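Asker: This is what each chain is made of:
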Amino acid sequence: MSLGDPIPRRDGPLKVAGRATYAADQHPQGIAYAAPVLSTIASGEVLSIDTRPAMQRAGVLTVLTPDNMPALGQLTDLKGGTLGEPRLPLSDRLVEYDGQLVGLVVAESLELANEAAALVQIVYAPGTPRSEIERSSDRFRPKDFYGIAELQTQRGDVDEALSASPFRLQHSYETSVEHHNPMEPHATTALWEGDRLIVYDSTQGVISTRNVLAHFFGLPAGNVRVICPYVGGGFGSKGYVWPRTILAAAAAKATGRPVKLALSRQATFSNNGHRGRTIQTVSLGADQLGRLIAIRHHTLTQTSLAGVHVEPSGIATGMLYACDNVAVSHEVARVTTGSPTAMRAPGEASGVYALECAMDELAEAIGMDPLELRRRNHAVSDPETGKPFSSKHLLACYERGAQAFGWSRRDPRPRSMTANGMLIGWGMASATYPANMRPSSARVEAEPDGRFVVTAATQDLGTGAYTILAQIAAAALGVPVEKVRCELGDSALPEATLSGGSSTSASVGSAVHEAALKLRTQLSAGGAPMAEAHHEPGELEKQYSAHSFGAHFVEVAVDPELAVIRVRRVVSAMDVGRILNHRTAQSQIRGGVVWGIGMALMERTGFDPATGRLVTRNLADYLVPVNPDVPEIQVILIDEPDPHFGPIGARGMGEIGITGLPAVIANAVWHATGVRVRRLPIVIESILHQL
Amino acid sequence: MTPPDLSRRDLIYLTASGGLLGLGAPGSNAEAESQQAQARPEKRSVELTVNGERREFQIAPSVTLLDALREHLELTGTKKGCDHGQCGSCTVLVGGRRVLACLILAISEHQGEPIETIEGLARDDGVHPLQAAFVAHDALQCGYCTPGQIMSAIGLLREGRPADDDAIREGMAGNICRCGAYEGIVAAIRSISAGGVE
Ligand code: FES
Ligand code: FES
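Just so you know, the sequences run in chain order U and W.
Start counting the first sequence at 1; every next residue gets the next number (this note's numbering).
Start counting the second sequence at 692; every next residue gets the next number (this note's numbering).
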């Protein structure tokens with residue numbers, strides 16, 4: 001047994017038996033149910049709330065509103081936790097978006113809570129909603145993305161370089177508001193035992209959630225325990241702490257009962273984050289050989305009235321290709337929607353889409369094969385920082401992906417390839433996502449029966465953490481993986497980082513690796529049967545620029561009569577450092593590709609411009625790929641351990657799969673039809689009248 | 692009762708052809724009003740046979756089979772993903788056919804018909820072969836859609852052996868997997884279908 005072995009997912013047997021327990025599956029003794037009251041206007045003020053009709057129902061325990069919501073701690077200094085919406089629920093009477101929580105009913109049963117929530121009478125003084133970027137003049141230029149990346153950057157002289165470029169193009173590309181829609185709607189079950197708070201939460205960060213709750217309820221961190229052994233998908237929407245978690249704890253405190261607050265799918269559309277819409281303008285300048293001389297990438301996106309999160313679309317632009325003159329800028333408009341948040345590959349998903357579409361248009365303008373254009377602009381070291389890449393095998397991704405796909409057989413002319421009356425299009429693009437590593441701890445213990453248990457306050461979102469952490473520990477201990485199990489998803493365990501930014505393998509994995517090595521040494525010296533380790537990025541990581549890369553190749557078929565677009569096959573070649581488990585790794589990339597298909601062809605959240613209200617708030621209006629939408633996806637994993645990134649050399653792979661994929665589909669649609677669509681999603685109406 | 696394989700695909704084609712124009716504003720006000728108009732109903736006694744076991748309890752008539760299973764019988768293996776018949780997470784078998792438990796009421800005519808949920812699937816010797824196939828083919832990631840996928844697949848196989856992978860895909864179109872484990876799901880079902888189990 002060694003690292004990389006495709007052992008079956010550890011949590012599989014429990015999940016297929018229906019015995020994995022998620023936050024809403026808890027039934028503590030004496031449970032009560034909460035149902036939210038959501039605003040029905042997108043902007044304005046609550047004038048009055050009449051809870052009497054609801055309270056008159058036998059079995060209704062309380063209705064929390066801004067009138068009686070207990071005061072919580074200040075919004076500052078959250079001690080290592082982050083709010084998705086930097087505003088406390090029910091703390092004032094302002095309504096800043098449709099579906100804002102304006103009340104919470106707690107009752108003896110779920111049906112009673114839902115029924116009573118509908119009886120709460122609210123009188124509003126409506127304001128003027130503005131859900132569309134175009135209508136908002138409240139704008140700002142953000143400096144950076146959570147201190148990780150600058151959002152206004154410039155190197156060289158872009159204006160001059162552009163005007164001197166033999167080939168020049170400038171186009172606008174748009175992406176829509178998207179919602180994560182994990183299959184598990186966001187849920188919390190909270191209970192108090194004296195001054196101790198226990199919370200079962202669907203979260204990507206038990207520690208962050210614990211810290212936020214401890215802060216707001218004025219408790220020492222040790223008095224709060226957040227438990228989350230399984231999460232029904234998060235994709236970023238469960239990364240930060242959202243109002244429901246705080247409200248569930250407040251409701252449990254107010255009623256003295258355990259309270260379950262499981263949001264409806266509808267409710268999850270308003271206050272659990274989304275990807276903001278983007279309007280991106282990309283200018284490229286190149287010489288006759290296709291070498292980039294200048295890139296300008298400007299993004300206009302949105303955040304909420306209180307929000308801080310912005311979709312950083314230009315984040316990869318200065319790094320992906322060799323180019324001396326690059327300007328990246330971001331502007332943000334405040335709109336009356338819920339707060340956006342990180343959504344699978346925030347920045348890269350939207351931004352690499354625009355850049356890689358523009359590259360395809362450049363290839364067309366020059367008359368060059370799109371793959372050859374990428375090769376000619378390959379960056380050997382990071383052109384932005386000047387640092388060497390920790391490890392980079394993008395050329396191998398191009399080569400192996402192209403070969404598996406049969407790219408050399410592509411006729412470059414649009415509308416040149418057909419099959420069974422369908423227009424066939426082939427497209428390709430690069431993929432990229434940074435390697436992230438954050439401080440994390442882990443413990444490994446030897447049990448008396450010769451087995452080992454790994455513990456860490458991380459969580460498995462379906463990423464395979466239970467499986468790969470056991471593999472890492474087994475490899476370091478030198479024991480069969482069957483002898484190692486993991487306990488995760490509990491804030492009482494050694495502190496680990498948020499599951500976000502594809503960081504678990506490098507962060508928690510490194511800590512597990514080091515704890516296991518330590519324990520091995522201890523055991524051979526007859527020492528204690530338990531070891532803990534803390535890992536954080538060190539000098540090594542500072543010297544290198546660490547990113548994952550990949551290349552996607554896609555074939556689409558377009559019905560020339562009906563304009564229906566189908567993805568027929570996908571080949572994705574990925575360089576993500578060491579592969580820890582070839583089975584779960586393939587699934588991670590496939591999942592990202594499926595998300596790319598959704599972003600390219602289906603996903604769009606709509607707002608009514610007149611009222612600012614959501615018009616897509618269920619899974620029949622907000623479309624995601626279903627089984628027949630997804631073809632065979634061939635995943636090629638380069639599997640070259642990164643020698644300069646952590647002790648394991650795995651860079652993480654939860655997000656890279658979506659990056660580039662929407663561009664590949666847009667490029668393939670052009671190749672099939674000759675129509676350039678520069679707005680996602682590409683739907684029937686996008687091309688119907690131009691076929 | 693809507694078979695899961697019809698509802699979602701039909702809706703996709705409808706919305707795809709109509710674009711966003713046909714969509715009205717969301718109706719929480721209307722929902723609120725209609726709920727308000729009803730007088731509060733009395734609880735009724737209901738008798739369900741779940742996984743071979745007869746269960747009798749008192750329940751409000753508005754309670755769906757899904758909530759009855761999850762909150763009243765504490766059989767939480769069946770998941771709620773949308774409560775609107777749009778995702779397939781709540782798929783169970785009633786009288787051997789797959790149904791969406793969020794779309795039928797616990798007190799409805801299905802009383803007396805045997806209900807099978809994910810908890811009742813395992814055979815005496817451990818797991819059902821389809822459950823094992825899901826693990827073997829990595830047909831899941833977060834696992835939240837998985838009970839619904841498996842129950843739907845059991846229903847599909849009982850409806851007749853799917854002719855090919857595309858028939859499996861169409862037959863499973865009502866079960867969303869946001870993690871995108873579709874390829875594994877198809878492979879797992881194919882392996883059982885080919886082996887003639889069920
Ligand atoms: S919960 Fe029943 S179909 Fe989604
Ligand atoms: S396994 Fe996560 S939704 Fe299917």
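It cannot be assumed that every hint is accurate.
Unchecked claim - Simulated restraints, written as ranges between beta carbons of each label pair:
| no. | chain 1 | residue 1 | chain 2 | residue 2 | range |
| --- | --- | --- | --- | --- | --- |
| 1 | U | P412 | W | E861 | 45 to 51 angstroms |
| 2 | U | Y146 | W | E861 | 52 to 58 angstroms |
| 3 | W | E861 | U | P560 | 48 to 54 angstroms |
As the list claims (entries may be wrong) - Pulled a few chain W residues facing chain U out of the computed Cβ check, cut under 10 angstroms:
| no. | residue |
| --- | --- |
| 4 | T767 |
| 5 | G786 |
| 6 | G787 |
| 7 | G803 |
| 8 | T837 |
| 9 | E861 |
By construction, these hints were calculated from the structure, which means they are not laboratory data.
Fair warning: this is a prediction, and the values are worked out from it, not measured in the lab.
Ideal placement from N, C-alpha and C gives every residue a C-beta, glycine not left out.
Asker: Each hint: holds or not?
Answerer: Hint check results:
no. : hint                                   : result
1   : U:P412 with W:E861: 45 to 51 angstroms : violated (35 angstroms)
2   : U:Y146 with W:E861: 52 to 58 angstroms : violated (43 angstroms)
3   : W:E861 with U:P560: 48 to 54 angstroms : violated (23 angstroms)
4   : T767                                   : holds (4 angstroms)
5   : G786                                   : violated (20 angstroms)
6   : G787                                   : violated (19 angstroms)
7   : G803                                   : violated (23 angstroms)
8   : T837                                   : holds (5 angstroms)
9   : E861                                   : holds (5 angstroms)
Of the hints listed earlier, those the structure fails to meet are numbers 1, 2, 3, 5, 6, 7, in rising order.
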